[in-house]
Amino acid sequence: MSILEVKNLTHTYDGNTPFMHDAVKNVSFSISKGEVIGIIGHTGSGKSTLVQHLNGLLKATEGEILLDGVNIWENKKNIRAIRSRVGLVFQYPEYQLFEDTVYRDIAFGPKNMGLSDDEIANRIYEVCDLVGIKRDYLDKSPFDLSGGEKRRVAIAGVMAMQPEIIIFDEPVAGLDPQGRANVIKMINDYSKRYNATVLIISHNMEDMALIADKLLVMNKGELAIFDTTENVFRQHERLIRMGLNVPIVTQVMLSLKQKGIDVPDNIFTVDQAVDYLLSLKQGGNRNA
Numbered sequence: 001m002s003i004l005e006v007k008n009l010t011h012t013y014d015g016n017t018p019f020m021h022d023a024v025k026n027v028s029f030s031i032s033k034g035e036v037i038g039i040i041g042h043t044g045s046g047k048s049t050l051v052q053h054l055n056g057l058l059k060a061t062e063g064e065i066l067l068d069g070v071n072i073w074e075n076k077k078n079i080r081a082i083r084s085r086v087g088l089v090f091q092y093p094e095y096q097l098f099e100d101t102v103y104r105d106i107a108f109g110p111k112n113m114g115l116s117d118d119e120i121a122n123r124i125y126e127v128c129d130l131v132g133i134k135r136d137y138l139d140k141s142p143f144d145l146s147g148g149e150k151r152r153v154a155i156a157g158v159m160a161m162q163p164e165i166i167i168f169d170e171p172v173a174g175l176d177p178q179g180r181a182n183v184i185k186m187i188n189d190y191s192k193r194y195n196a197t198v199l200i201i202s203h204n205m206e207d208m209a210l211i212a213d214k215l216l217v218m219n220k221g222e223l224a225i226f227d228t229t230e231n232v233f234r235q236h237e238r239l240i241r242m243g244l245n246v247p248i249v250t251q252v253m254l255s256l257k258q259k260g261i262d263v264p265d266n267i268f269t270v271d272q273a274v275d276y277l278l279s280l281k282q283g284g285n286r287n288a
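Position one of the sequence shown corresponds to residue 1 (the working numbering), numbered consecutively onward.
Fair warning: there could be bad hints in the mix.
[Unchecked claim] DSSO-like, lysine-lysine: derived pairs with alpha carbons at most 27 Å apart:
1. Lys192 with Lys220
2. Lys111 with Lys76
3. Lys134 with Lys192
[Unchecked claim] Ranges of calculated distance between the beta carbons of each label pair, as one might list FRET restraints:
4. Ile240 with Gly34: 28 to 36 Å
5. Leu57 with Lys7: 14 to 22 Å
6. Lys77 with Gly243: 35 to 43 Å
Quick caveat, the hints were computed from the structure, so don't treat them as lab data.
Every value quoted in this text rests on a predicted model; they were computed, and no experiment measured them.
Just so you know, even glycine gets a beta-carbon here, dropped at the ideal spot from N, CA and C.
The whole structure should be built from the sequences, with the hints applied where relevant.
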């Protein structure tokens with residue numbers, strides 16, 4: 001059974017006014033435990049509105065969200081527990097830090113779950129090791145840290161609740177290449193360690209190629225494509241018509257193909273391109 005299922009979800013803003021519009025229209029999909037799902041789409045396609053339904057921050061105009069087969073709104077009193085199971089990391093989460101020490105900021109979520117002091121401490125140390133926060137930073141003010149370190153602390157605060165599903169809205173926005181790589185590694189490590197289900201909104205196709213098992217493509221509020229990352233990126237012409245693109249290395253390979261060079265259409269990362277080019281140099285199978 002799917003861990004998360006979205007059924008016929010529609011969200012209408014400004015209902016019964018001249019400004020009424022559907023931000024999400026009749027969207028349905030299901031996700032299995034442990035999958036990493038990339039969510040892509042042009043600005044205004046409904047991505048952020050969609051994910052805010054998954055832990056009850058928004059309530060659908062029509063349709064339902066099922067967590068382990070149960071409607072998350074079946075009992076309104078349980079919605080706080082749902083938000084512990086489905087964590088949401090907003091874009092620029094470092095702007096939401098507020099406690100006077102790193103320790104207390106990371107502890108905020110677990111404390112609200114009613115965990116003991118010992119369990120909270122264990123989770124904090126565990127997640128700090130996972131995301132690369134030094135133990136001697138725990139007594140510091142989060143506001144004395146660098147931008148990248150603040151983001152680690154903010155993400156650690158959600159991870160410390162150990163949600164079964166964790167959603168990231170543009171987690172690498174504004175970061176340099178090394179910062180992006182660090183955040184992607186953190187997300188990947190969390191997913192593997194806890195067998196967690198991960199959803200990531202991103203405009204960065206290179207990152208999606210590296211981490212996502214599947215891609216969910218939103219277009220004008222509707223679900224346009226939901227398939228494996230490879231199958232989605234193979235539809236490059238359709239993506240371009242929707243205002244999207246494929247990874248840069250894929251664009252290079254497609255350009256070579258247009259020039260008559262026989263290259264495969266399933267190269268989406270630099271490592272894949274290097275392996276393929278090395279195989280050519282060594283006289284390997286050109287379509288491997």
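Against the structure, the hints:
Of the supplied pair hints, the one linking Lys192 and Lys220 is violated, its CA atoms being roughly 33 Å apart against a limit of 27 Å. Of the pairs offered as hints, the one joining Lys111 and Lys76 holds, with about 21 Å between alpha carbons and a cut-off of 27 Å not exceeded. Between Lys134 and Lys192 the alpha-carbon distance is near 21 Å, which keeps this suggested pair within the 27 Å criterion. Under the hint 28 to 36 Å, the C-beta atoms of Ile240 and Gly34, about 31 Å apart, fit the expected range.
Judged by the Cβ atoms, the range 14 to 22 Å given for Leu57 and Lys7 holds: they are separated by roughly 18 Å. Between Lys77 and Gly243 the C-beta distance comes to about 42 Å, which sits within the given range of 35 to 43 Å.
The structure is inconsistent with hint 1 alone, although it conforms to all the rest.
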